[in-house]
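Protein sequence lines correspond, in order, to chains A and B. For the first sequence, the residue numbers in numbering that gives the first Met the number 0 are 0 to 263. For the second sequence, the residue numbers in numbering that gives the first Met the number 0 are 0 to 263.
No lab work stands behind these hints, which were simulated from the structure alone. Think of the CB as a built atom: it goes at the ideal place given N, C-alpha and C, for glycine as much as any other residue. Misleading hints may appear alongside valid ones.
[As the list claims (entries may be wrong)] Subject to a maximum C-alpha distance of 30 Å in a straight line, what follows is the list of computed DSBU-like cross-link-like pairs (lysine-lysine):
1) B:K136 to A:K240
2) A:K240 to B:K110
3) B:K240 to A:K140
4) B:K240 to A:K136
5) B:K172 to B:K110
6) B:K172 to A:K52
7) A:K247 to B:K140
8) A:K140 to B:K247
9) A:K240 to B:K128
10) B:K240 to A:K240
11) A:K52 to B:K240
12) B:K52 to A:K52
13) B:K240 to A:K128
14) B:K110 to A:K247
15) A:K240 to B:K52
[Said to hold, decoys possible] Computed Cβ-Cβ distance ranges for the label pairs, DEER-style:
16) B:R243 to A:K128: 38 to 46 Å
17) A:V254 to B:D255: 43 to 51 Å
18) B:D169 to A:V254: 31 to 39 Å
19) B:L261 to A:N122: 19 to 27 Å
20) B:R252 to A:H59: 53 to 61 Å
21) A:I195 to B:E160: 17 to 25 Å
22) A:R85 to B:R243: 26 to 34 Å
23) B:R24 to A:V254: 51 to 59 Å
24) A:E155 to B:A174: 32 to 40 Å
25) A:K128 to B:A174: 54 to 62 Å
26) B:D169 to A:E155: 15 to 23 Å
27) B:D82 to A:K128: 25 to 33 Å
28) B:E62 to A:R24: 46 to 54 Å
Number of protein chains: 2
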Amino acid sequence: MKQRPLIGVFDSGVGGLTVLAELLRQVPNADYVYFGDTARLPYGSKSAATVAKYAIGAAHYLEQQGIDFLVIGCNTACAQAYDSVRAAVKTPMIGVIEPGAEAAAGVSRKKDVIVLATEGTVNSHAYRKALEARGIKAEEKACPLFVPLVEEGWGEHSVTEQVAHIYLDDLFKGAADVMVLGCTHYPLLRPLLRRITPERIQIIDSAESTARKVAEALPHAASGGVSAPDVRFFATDSVEKFRRAGEKFLGQRIVDVTHVDLES
Amino acid sequence: MKQRPLIGVFDSGVGGLTVLAELLRQVPNADYVYFGDTARLPYGSKSAATVAKYAIGAAHYLEQQGIDFLVIGCNTACAQAYDSVRAAVKTPMIGVIEPGAEAAAGVSRKKDVIVLATEGTVNSHAYRKALEARGIKAEEKACPLFVPLVEEGWGEHSVTEQVAHIYLDDLFKGAADVMVLGCTHYPLLRPLLRRITPERIQIIDSAESTARKVAEALPHAASGGVSAPDVRFFATDSVEKFRRAGEKFLGQRIVDVTHVDLES
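This is chain A alone, in the form it adopts within the complex:
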């Protein structure tokens, strides 16, 4: 591997940019290519077979860009297609679920964890399996309206707060002392979720945990580099829409976006 690795990150859309934002913070001595499958998003409501097909296409596209390391920056793709992608690529890779589960297991004293995720991630029970393998009880909760509410820009809206109460209040009656944000859109709801979640429950963001694991895997890349990371973006739908929607997830300007058609 080169001194300064090229790291590829893919997601169904712009949500994985919260993972990229953490990578840029924790693994700054690297360059990045990000692939957002915006023409076919969301993955969260689709079947495992369809998600696996799309995820493999994204991973292959990033391999063609010459990446040294691959991050599945999408909980649904990781939950439903980690093994399929693993079998289809040659590049060292990591998903967001094992790091998120490991971090949750590390801090839960009650050994009881809540996981918030899309319908697809919940149906796969990938988090439950990863947590049970660490002796932790997991309660997974699908929150299908959270992604559209974030995309509407209602991350702090009273409607979103009511929806969160409807989804979560019963879960808060249990013994759990950790709650995992198991979808890359959910960090944008973190302040609201923190307010309505009992203090005894710690909130874990899989994006942060994943970046930490990448930093461990690529220690040279985790220290400050001589120059800022070069970041290129690829999107399967309109580049203008990607740029506009993406900047609030990445927290910085998005410049270099190229349109890609994987279906032609």
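Fit chain B to the supplied structure of chain A, relying on the hints for placement.
Same frame as chain A, now just chain B:
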């Protein structure tokens, strides 16, 4: 054309089943094939170029099934890709927007109409153009949370009522006396919307108007047939998910669903 035509209907997913339901009611002496592009839904948030590509693929697939008449049962596809589909197929066809606009124009005494639709449909201004061509002023309003709320099964939920008030109350202050449901998911919100909409505003469902136009185009098919319509379904994502999600839109059992992969 045969005495008993085969009519093809396509949509990004299950929403177009509200159009099919109206067709089965108003045009019963026909058989049907329905194509739901569930692997790539929704169309509503995607760019015109991407939607056009998907819509042409769907239309060609239905032509391969031997259809005599094509209905674009998706407002977004009709708004963003009617001309592209028109140029790509040989079959007589109709979309949902012209019939919806015509029905609205026919009943609006104030010549002032509200149109509720997806972001893609609104950005195309297809309804505004169709209404202005008939001398009607149109106010188009994107309601991005309505589709996810319907899909969550919250068509009668207090949260949905609040969202509807947030989207619509300012529009109700104007002079409009007609409101068009310009998305095939919205008929499932009709009782709720009727409750919160001032009485002076009549609600028009594009699905009903479209079926009426098909009945006019195929008069033999509009009278009762000797046998019930044969209806076959094709979906690009899981057939089980299509069946489960689709029955509440169609209002009856869905049996014969075949999986189709347009991307291989």
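Okay, the hints, checked on the actual structure:
no. : hint                         : in the structure
1   : B:K136 to A:K240             : 29 Å, holds
2   : A:K240 to B:K110             : 34 Å, violated
3   : B:K240 to A:K140             : 19 Å, holds
4   : B:K240 to A:K136             : 29 Å, holds
5   : B:K172 to B:K110             : 15 Å, holds
6   : B:K172 to A:K52              : 48 Å, violated
7   : A:K247 to B:K140             : 23 Å, holds
8   : A:K140 to B:K247             : 23 Å, holds
9   : A:K240 to B:K128             : 24 Å, holds
10  : B:K240 to A:K240             : 29 Å, holds
11  : A:K52 to B:K240              : 17 Å, holds
12  : B:K52 to A:K52               : 19 Å, holds
13  : B:K240 to A:K128             : 24 Å, holds
14  : B:K110 to A:K247             : 40 Å, violated
15  : A:K240 to B:K52              : 17 Å, holds
16  : B:R243 to A:K128: 38 to 46 Å : 24 Å, violated
17  : A:V254 to B:D255: 43 to 51 Å : 49 Å, holds
18  : B:D169 to A:V254: 31 to 39 Å : 36 Å, holds
19  : B:L261 to A:N122: 19 to 27 Å : 24 Å, holds
20  : B:R252 to A:H59: 53 to 61 Å  : 40 Å, violated
21  : A:I195 to B:E160: 17 to 25 Å : 21 Å, holds
22  : A:R85 to B:R243: 26 to 34 Å  : 30 Å, holds
23  : B:R24 to A:V254: 51 to 59 Å  : 53 Å, holds
24  : A:E155 to B:A174: 32 to 40 Å : 34 Å, holds
25  : A:K128 to B:A174: 54 to 62 Å : 58 Å, holds
26  : B:D169 to A:E155: 15 to 23 Å : 21 Å, holds
27  : B:D82 to A:K128: 25 to 33 Å  : 49 Å, violated
28  : B:E62 to A:R24: 46 to 54 Å   : 52 Å, holds
In summary, the structure is inconsistent with hints 2, 6, 14, 16, 20, 27 from the numbered list given earlier, while agreeing with the others.
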